[in-house]
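J.: If you're matching them up, the sequences are chains A and B in order.
So for the first sequence, this note's numbering puts the first residue at 1; every next one is plus one.
So for the second sequence, this note's numbering puts the first residue at 1001; every next one is plus one.
Since the hints were derived computationally from the structure, they do not count as laboratory data.
Any given hint could turn out to be false.
[Unchecked claim] Just so you have them, the derived chain B footprint on chain A, three or more residues with Cβ under 8 angstroms:
hint, segment
1, 94 to 102
2, 117 to 129
3, 288 to 300
4, 453 to 460
Even for Gly, the Cβ is constructed at its ideal location relative to N, Cα and C.
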Amino acid sequence: MLYNSPYDWYYDFTVERDYDRCIRCLACVTQCSYEATRYDEERDLVYTLDDHCVGCHRCDAFCPTDCITVRPTERNVRPNNNWSPVHVKALYKQASTGAIIVTGMGNNKPFKNYWDHIVLDACQVTNPSIDPLREPMELRTYLGRKPDNINAIDPRAKASLKTTLGPQLILEVPVMFTAMSYGSINYYVCESLARAAVEVGTYWNTGEGGLPRSLYQYGHRTIVQCASGRFGVSPEYLNAGAAIEIKIGQGAKPGIGGHLPGNKVLKRISETRMIPEGSDALSPAPHHDIYSIEDLRQLIYALKEATRYEKPVAVKIAAVHNSAAIASGIVRAGADIVVLDGFRGGTGAAPKVIRDNVGIPIELAIAAVDQRLREEGIRNHAALVAAGGFRDSSDVIKAIALGADAVYIGTPALMTMGCTLCMQCPTGKCAWGITTNDPKLMKRVNPDIGAERAANLLKAWAHEIQEMLGLMGINAIESLRGNRDRLRGVGLEDWELEILGIKPAGA
Amino acid sequence: MVEIDAKGIHYRVLNDRIRELVDRGEDHIVLRNVNGQRYIGDGITREVKIDIYGVAGGDLGAFMNGPRITVYGNAQDGAGNTMNGGKIVVHGMAGDVCGYGMRGGKLYILRDCGYRVGIHMKGYKHLIPTIVIGGTAGEFLCEYMAGGRVIVLGMFGRTPGVLTGDYLATGMHGGSIFLRGRVDRHFMGKEVGEVPLTEEDRRFLRETIKDFAREFELNAEEILDAEFTKLIPVTHRPYGSLYTMDSPIIRS
């Protein structure tokens, strides 16, 4: 049958060139890792195969004469109110391949974003605001189990606590770099994140890719992950980090496992994951030693025993319908930190239908979990870290006011190194050199610059958080935690306000 | 040699004392009256001999790298969990998920073991984890197996002659399984296939079975006097064509 899939007619981007300005420098050709931009020597012409373009803007960014414009293509699927172009294209693609559609980054569906419906309070007349530039402003955050009460030997003496505190992570900014494995991102990106975490005084997370030997020097600012595949999990690795995170689930793909294809398991990755080169790294959906809260307790304490109770143990779950009850179980199982990953959380690879349709928004999950743990009187037994879709410092401060102790960011950290959200992470061809281990492409991330830019982002957010605390008359982030009275909802229904535990604006 | 009476002692106290002794350089520790205390040998990274009299609790020798643990009794779930190196010898039965993610060392179980034993075992370079099960293994033996070697004898358990349960080696993508006898095809995952034993395999079997027999004072020749079947994954990338990209660049 002579037949072309309709998929071939519909591509997403059109690349336009102003040929009067093009100097045939071929920067765009060498930068394009998707073989979309090409050079025809005979005609001395630089051109783009639009159907190969992923819209990553790498060519655009490198054009010295600014002659390239990448824009969404106009020739698109026939408009239909029920069938979005996304649905139509996916359907054609699947008719051609019979396969699951895989994508990267976070949820791309236009769900309601609750951060955009929550506003902060400010001091006016009756209570003074604080100027963070001239007055002390405390952002330091401790993550770990807090005692039910504190006994001092002599209440008048300073620093004479009788109560021994469990191990704590100490954050100078309540924002950490979330779990992204070595393999899904490359070594230079890992190094950038590690160095930024050291500089700012926060933590980065290995994901389940193990910790490359040469990054052990940043161990005091590293959270090491123990996921279902147990890649690279050795006694040395567990003791190298500042904390251990048991990964149960991920917001982008709750309930399913991970899969680093064999062609990405190159030499150094194979050494770090401790698996043979070229073999598939399959992470099963569940930990097969955990089928209950009791089993989870067994692993939490196995890890604590292996590290002599010196490190906090975190348990990360995807935010799902009954997160509150699960989180309660996790705290009772002995976790020092509970991590909730909302449905806008990113990923290096996930089936699109799962990324876009499974899980719940992190805003509602934080509120529900914090509320439940307070009602049960165990909120202090574990810190609560929120992840999944944080875009700026206002999202962060709202999350803390809702009840989180700190947040994790992934996508924003990659954006500091150039990520343009093109969602091609699983292809391993990232033109910005981030989610690729191609030796040529990965050089596009310079760890000196990557570390500086990632640190800059956290410094900027820290300043903004201080400003926002100041205008609320608060001088320590500790005083804002779970302080939902400083939040108001705009354009929210009664049930939404009830779950978020906030009043409507004007009330 | 140091003896500890573990009767009525909480695992945390018991393990603290074991670690203290290990740190001090003690090289032989005998634990009496062990009754389900968890995490014995957990995370210990040097060679030390630990003898356990009684029932060892969950996660025996988890993450460990070096110790040689002998259990004179049964072991509960998760023995050898994510173990890196060393040896665990169980003179009885063992529970579920023993040797989960095991990367090196040896785990010998004289009698039967539970479900999902050897799940996600992996080998790496000189590290070749080995499990020998003297009796019958439960269902999902070696699920997701990525490396290492597992031998099932089906001789010394409660159901002699029965080797494994259902779902044997589902999702297996590395390593090899040796069965003393045969298991019907319909009990296995679709990813595995039977292959003839090589000379190297026979040498490995002979050496390992001899060692196993020495530990339990059995007759190695008698164990070896049977036809062994070898199972390996037929593909390293069982799900290679299951996915397509949400992008124009990879067109099939």
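J.: It remains to establish, for every hint, whether it holds in the given structure.
T.: Consistency of the hints with the structure:
1. Coverage of the segment 94 to 102 of chain A by chain B holds. Counting CB-CB distances below 8 angstroms, 7 residues qualify, and the rule asks for three or more.
2. By the rule of at least three residues with a Cβ nearer than 8 angstroms to a Cβ of chain B, the coverage given for the segment 117 to 129 of chain A is violated, with 0 such residues.
3. Only when three residues or more bring their CB closer than 8 angstroms to a CB of chain B does the claim for the segment 288 to 300 of chain A stand; here the count is 4, and the claim holds.
4. Counting residues of the segment 453 to 460 of chain A whose CB lies closer than 8 angstroms to any CB of chain B gives 0, so the stated coverage by that chain is violated, three being the minimum.
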